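Asker: These protein sequence lines map, in sequence, to chains W and E. Residues in the first sequence are numbered consecutively from 1, following this note's numbering. Residues in the second sequence are numbered consecutively from 164, following this note's numbering.
In case anyone wonders, no lab produced these hints; they're calculated from the structure. Be aware that one or more of the hints could be misleading.
Straight-line alpha carbon distances no greater than 30 Å define the calculated DSBU-like cross-link-like pairs of lysine-lysine that follow [unchecked claim]: (1) W:K133 with E:K219; (2) W:K107 with W:K38; (3) E:K239 with W:K107; (4) E:K219 with W:K38; (5) W:K133 with W:K107; (6) W:K133 with W:K75; (7) W:K38 with E:K300; (8) E:K300 with E:K219.
Just so it is clear, the structure is predicted and the values come from calculations on it, not from any experiment.
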Amino acid sequence: MLVAVAFYEVVIALHILAVVLAFGATFAYPVIFAVAAKEPRSLPTVYRAIHAISQRVISPGLALVVIFGIYLASKLHLWSSFFVQWGLGVAIVIGAVEGMYLGPREKRLIAVSEAEVAAAGPGGEVQQSNEHKALARSVGVVGGLMDALVVLTIYFMVTRTGA
Amino acid sequence: MVVAVTFYTFVLAVHIAAIVIAFGITFAYPVMYAVGIRAEPRSMPGLHRIQDSVGKFVISPFMGLALLAGIYLASKLHSFSDFYVQWGIAVIVILGALGGAFFAPRERRLAELAERDIAAADQSSPGATIVFGEEYKRLRTLVFRVNVLASALILLSIYFMTAQTGA
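Bound-form chain E, shown alone (with noise of 0.2 Å):
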């Protein structure tokens, strides 16, 4: 067995771990929250705060190196004019924007205002069943749409890095 490995293919598979790692999670909240909501409503503040260091602690720092690998592979191959190229930058810089000025800050709107709803709840008659209020329900819900259409940018983004569409 010939094990003969370049640096460029080195980073490439530093590439690739790095998207599992930073996106991976992100298709599995739907089954977190479904659990949650169903199982017990009280830790929903804490399984927003659990998205929150998620985001901070995991997806950040490894889109961060799928992007300084990527820009290594672009630049190795001269290929920073292909679609696919072009494409997975615009997508980062996205999801990027999109972790640090819309999901983190509702994530933890999302966490205070389940605290609220749980201790009005709780005020009412201690140990009630939650039912949580009109604003927490939408703004969960647009977190989750906006969740859905980041995991589709990723998924599309993964299948354009591997067709190697455009170049």
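Next up, chain W with everything else stripped away, as it sits in the complex (with noise of 0.2 Å):
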């Protein structure tokens, strides 16, 4: 068994390690976010799992993906490549809503879930605000949205669309 291993292909693994690490956990929030409806004592602390997730999983493991990308695209000479600049454009996307959009609401839903289990008091019928709602709502949908635009991005890069 010969292994001889370039450096690039060594940053080629850790590139998809930093994918897996960075946006894999997003695809299970649907199962997350259905199980936890059934026991809504549990909602805030998962919105806090899931904001914890978000700051110390996807943001730095968004970080390393960008990195690497950068070292391969310029190893191979690739900037031109219709891949290479999607893959950067959706990286920059991704933080953008991961920071500006779904953080803020992450937080949110914190302080409402919180709030609502508390108004319930000990062993009372926990109800949902239309606030929550909306806002589980609108993160399930951009979380989706994001998540369509990591599997598509898994294409470009696999089938090295435009190079």
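Since each chain sits alone in its own frame, please combine them into the complex, following the hints.
Answerer: Shown next as structure tokens:
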């Protein structure tokens, strides 16, 4: 078994690893929200966890994806290829949406759901407000769009569209 | 811009996307549990049930898809004798077995144990601080360690696949 690996191949592996780390978790969010909705008292913690994953997993993972991607595009002279420009564009869009749209709404969801649990008191039924429902819907829809962008980007990267 | 994609390349994209979807969440579990334990231990039964459902509805089906796509790719390239293909198949089989025979029953048990400890704490003093029992802590540590091992296997497999080790 011959193991001869160029440095850029190691970087490709790291690039893919960073994609798994950064974007994989978000695909499980619909299932997480569906299960958590059956236990409304756990929702504040679930929203806190989602927000922590955004800050401690997705954001650093996204930065690694971009750094490794820049190295690869420079090394292989691929800056003019569509799939590289698309990938960079999507990374910027996802970073901006995470920081400016999803992040603040996740924080608001934590506050709103905590207030609802507190208002219900110990043992009382937790009622979801319209604001909570609207926020959850918008985070779900935008998160789904980001997931679709990730899948489309994986497709463009693998097929090296426009190379 | 010319878009000429073979079916093989399409299946390769499906294979990679399935890996991202199946395994990505497992790397976020430590953060999720750290938040649960610190912010609200009473939510731990719910978090364990979430992990069980994610295993059933996200990890298992997409792992199956990754395996099917991988088998197609290996057949197309006649590369079943390559180390990275054999390793990949073995790891998927191991992870599938771990998911069904190890993680799923233990996640359900963790939810039961957490509920039992919370109920016991509330019985002695309603609203009391939750202190989980030794059985729960031991089982959670075991599940965490096996999850770390599974994550290491996934990382190593991605490396072998990308480098096509042994091809």
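Asker: Are the hints correct? Go through all of them and say.
Answerer: Evaluated hints:
no.	hint	verdict
1	W:K133 with E:K219	holds (26 Å)
2	W:K107 with W:K38	holds (21 Å)
3	E:K239 with W:K107	violated (48 Å)
4	E:K219 with W:K38	holds (17 Å)
5	W:K133 with W:K107	holds (14 Å)
6	W:K133 with W:K75	violated (47 Å)
7	W:K38 with E:K300	holds (25 Å)
8	E:K300 with E:K219	holds (24 Å)
Checked against the numbered hints given earlier, the structure breaks hints 3 and 6 and satisfies all the rest.
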